[in-house]
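Peer 1: Full structure from sequences and hints, please.
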Amino acid sequence: MRRVVISEFVSLDGVVEDLGWTFRFGSEEQERFKLEELAESDALLLRRVTYEGFAEAWPRMDNEAGFADVMNGYPKHVVSTTLQEPLEWNNSTVIKGRRSSWRSFGRSTRRTHPHPLPRPPLSM
Amino acid sequence: MRKVVAAEFVSLDGVFEAPDQWHFPYFNDEMEQAIGEGFAASDAMLMGRVNYEEWAAYWPQQDPEENPVAGTMNGRQKYVVSTTLEEPLQWSNSTLIKGNVPEEIEKLKNQPGKDIVISGSATLVRSLLDYGLLDELKLMVHPILVGGGKRLFDEEAETKPLELVDSKIFSTGVLYLTYRPARNERTDG
Chain A
1 MRRVVISEFV
11 SLDGVVEDLG
21 WTFRFGSEEQ
31 ERFKLEELAE
41 SDALLLRRVT
51 YEGFAEAWPR
61 MDNEAGFADV
71 MNGYPKHVVS
81 TTLQEPLEWN
91 NSTVIKGRRS
101 SWRSFGRSTR
111 RTHPHPLPRP
121 PLSM
Chain Z
1001 MRKVVAAEFV
1011 SLDGVFEAPD
1021 QWHFPYFNDE
1031 MEQAIGEGFA
1041 ASDAMLMGRV
1051 NYEEWAAYWP
1061 QQDPEENPVA
1071 GTMNGRQKYV
1081 VSTTLEEPLQ
1091 WSNSTLIKGN
1101 VPEEIEKLKN
1111 QPGKDIVISG
1121 SATLVRSLLD
1131 YGLLDELKLM
1141 VHPILVGGGK
1151 RLFDEEAETK
1161 PLELVDSKIF
1171 STGVLYLTYR
1181 PARNERTDG
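Protein sequence lines, in the order shown, are assigned to chains A and Z. For the first sequence, the numbering used here assigns the number 1 to the initial residue and increments by one for each residue that follows. For the second sequence, the numbering used here assigns the number 1001 to the initial residue and increments by one for each residue that follows.
Because the hints were derived from the structure by calculation, they are not lab data. Computed from a predicted structure; not experimentally measured. Fair warning: there could be bad hints in the mix.
To be verified - Below, simulated DSS-like cross-link-like pairs (lysine-lysine); rule was C-alpha separation at most 27 Å, straight line:
no. : chain 1 : residue 1 : chain 2 : residue 2
1   : Z       : LYS1160   : Z       : LYS1003
2   : Z       : LYS1107   : Z       : LYS1150
3   : Z       : LYS1003   : Z       : LYS1150
4   : A       : LYS34     : Z       : LYS1168
5   : Z       : LYS1138   : Z       : LYS1150
6   : Z       : LYS1160   : A       : LYS34
Peer 2: As structure tokens, this is what we get:
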């Protein structure tokens, strides 16, 4: 059976939002690790907020470091009660589920910053 | 100069409150040894009021024959930071720091002696970090999501880079991490 793996950048005090604070810790070692991690998977599971951030950023990202092609190419499964198919970002589908089953989930999670990798988004 | 060291049990989700509810399954020889080394390197404790009141109610009641830690805790010099407590403090060897906290702690650090250790007392730990008076932060990160409870770190605190100076992994999955405030703060790129 396939595994669901959660991979997060997190500060010592547990913050996952606005990843600007990770830049100072960026390294080739970390980049290699994230590429290997992506290579071990073949799909992404996201919720709406992260999806919207990614769908905005990744199609415009160049593939210099090798992330963009993977992110844009992989199937994306997006859990949302409000998004409607077809989704704009390549290879993305919605997992809709019943609203009641996700309401408590939403309450128990905090909003995350829509960027998974420790690099600034394209210049704005 | 003496170091002020904060030594904390903390869950993976950052909870430090009520470790009696979640910490014990992870206690083992390695942890005992690390705690013992921390005790041996120090000769005084620093704490806030909440922590003082909890410990002052507990440790003097313990039988030092049965629980040798009680002897150490009762015998140690304790400095209690509080604006509301009054001298004399009931618990043996306890001294009150009432005002001018940064200056008083600076004075303690300049006295001869071993490390000054804080456990618990999150409010005090945060203030000392803010004032640049904390020399080391030693966390035993337990592989458990406690869910509810007070967090060691403040939601509203300023961003503060730290430097990881030592790390060990206990066989229980507990991470023993030693941090110092970063000396050269790199700016965000």
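Peer 1: Look at each hint and say if it fits the structure.
Peer 2: Outcome of the hint check:
no., hint, result
1, Z:LYS1160 with Z:LYS1003, "holds, 19 Å"
2, Z:LYS1107 with Z:LYS1150, "violated, 30 Å"
3, Z:LYS1003 with Z:LYS1150, "holds, 26 Å"
4, A:LYS34 with Z:LYS1168, "holds, 23 Å"
5, Z:LYS1138 with Z:LYS1150, "holds, 18 Å"
6, Z:LYS1160 with A:LYS34, "holds, 25 Å"
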